[in-house]
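Letter by letter, the chains look like this.
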Amino acid sequence: MKTIGVLGIQGAIEKHLDSVAAIGCRGLWVKTAADLKKIDGIILPGGESTSIGKQLEWFGMMNPLREAIAHGMPAFGTCAGMILLAKDIEAYTQARIGLMDITVRRNAYGSQLDSFITDLQVKGIQGKIPAVFIRAPRIEKCGKDVQVLASYKDHPVLVRQKNMLAASFHPELTEDTRLHAYFGKML
Amino acid sequence: MKNTKANDWQVKVGLAEMLKNGVIMDVTDVEQAKIAEDAGAIAVMALERVPSDIRKQGGVARMSDPKMIKEIKKAVSIPVMAKCRIGHFAEAQILQALGIDFIDESEVLTPADEEFHIHKHAFKIPFVCGCRNLGEALRRIGEGAAMMRTKGEAGTGNIVEAVRHMRALMNGIHRLQGCSKEELMTEAKNLGAPYDLVCYVAEHGKLPVPNFSAGGVATPADAALMRQLGAESVFVGSGIFKSSNPKKVAKAIVEATTHYDNPDKLAKLSENLGEPMHGIDVRQLGENELFAGRGW
Chain A
10 MKTIGVLGIQ GAIEKHLDSV AAIGCRGLWV KTAADLKKID GIILPGGEST SIGKQLEWFG
70 MMNPLREAIA HGMPAFGTCA GMILLAKDIE AYTQARIGLM DITVRRNAYG SQLDSFITDL
130 QVKGIQGKIP AVFIRAPRIE KCGKDVQVLA SYKDHPVLVR QKNMLAASFH PELTEDTRLH
190 AYFGKML
Chain B
87 MKNTKANDWQ VKVGLAEMLK NGVIMDVTDV EQAKIAEDAG AIAVMALERV PSDIRKQGGV
147 ARMSDPKMIK EIKKAVSIPV MAKCRIGHFA EAQILQALGI DFIDESEVLT PADEEFHIHK
207 HAFKIPFVCG CRNLGEALRR IGEGAAMMRT KGEAGTGNIV EAVRHMRALM NGIHRLQGCS
267 KEELMTEAKN LGAPYDLVCY VAEHGKLPVP NFSAGGVATP ADAALMRQLG AESVFVGSGI
327 FKSSNPKKVA KAIVEATTHY DNPDKLAKLS ENLGEPMHGI DVRQLGENEL FAGRGW
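Chains as they are written, first to last, in our numbering: chain A, 10 to 196; chain B, 87 to 382.
There may be inaccurate statements among the hints.
The list that follows gives simulated cross-link-like pairs (lysine to any residue, SDA-like), each with its CA atoms no further than 25 Å apart [to be verified]:
(1) B:Lys-91 <-> A:Ala-117
(2) B:Lys-292 <-> B:Glu-273
(3) A:Lys-137 <-> A:Leu-108
(4) B:Lys-351 <-> A:Trp-38
(5) B:Lys-351 <-> A:Met-70
(6) B:Lys-210 <-> A:Asn-116
(7) B:Lys-334 <-> B:Asp-347
If you're looking for bench data, these hints aren't it; they were derived computationally from the structure.
Chain A with its partners taken away, still in its complex shape:
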């Protein structure tokens, strides 16, 4: 059985662990650099990207995590997790992993009053999947190695670059586990 870690610094960690269990993988709450050795892939959950990024640096986890992903460990960033993966962030400088060739804009869809749910068509998945956008970041630009798997209103919202998968939205907040299963196949 494969083990999927969920970066357990801050945010919707439990919901991702529920989804991991639902696709038949072992889940691990990852809090230290040593935990990275015990997992086959990692989910970077939603939450506050500034807080997660800072704490990764304070606790000496940023470099080990970046190296693990750079060496091929599959990573799935949702919302704040996508911001942590992004190479460029418009208008903010903040601590991040920065390995994925995308430019994101934080809170681009507005405040909580602008949060919404929609259905998305995803390349490689039959039927539509429900997508919950909460104070969501928007992908403004993608590099040439980045594959767009789903878009919403002319902006990519689900992208993949080799071992990295990133979503503007929260698949863990719905009962639909097809995106987690997709990530499971990347391990």
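Start from chain A and add chain B according to the hints.
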């Protein structure tokens, strides 16, 4: 997909999920808001006076000046919350119009209605409410609160009431888990709580919304204690900006909330933080000086 009530609810509780495993800090101006954000806060609560000053100064405590809330919203990228008085739905309407992210219908302000709380399902913005036990929590969730926080006793720097309320809440949850199905309607009657929510708690062993702690957290150890008792995040009010070194204390409380189960880390980050907030022995307070008894 249509924007239905069920969707609204999912989006409200969704933001509360994102705020788990973190620290929400009370701030009274832009400078404090920036200190909070730099220290790793996941949200700020914008208010004119921290609870310990409200306690000291007395008078009627109301919603903050919208201008001050807007300035704080502009200064930080993390979510901004603000408080309205219990039952004061017009203050809540104003806060929603400001486009902030969460409203706290709070006992720290002077209640506007001693009989009814706000019908929170009528709002698009999510609400957090205080509770002292399971029945109170489920009544607020029934009205539409998307996040709960145990009340504690705000502005005292004393954790004893926060512990009392969290223990009462968790005991209530554990009790329901041991009940047979035929007992649940009687439990709902005794708790004064909606039956469907009582059934949810009995089945899942937790509230249907995230469950945070507030009211009295002043040190990293306090934050770790509340996390171990079941709090999924921690609100810190006066404890940070009434300490001698707010920057250091704020960062240490954030770290303690993450590593609440690691005593070695807690020992290290608790070192040399300066004077904590002075604090009040809750037993020295009169019945009419307690905030937690406001609301039902």
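**Request:** If any of the earlier hints don't hold here, list their numbers in rising order.
**Result:** As far as the earlier hints go, only 3 is violated by this structure.
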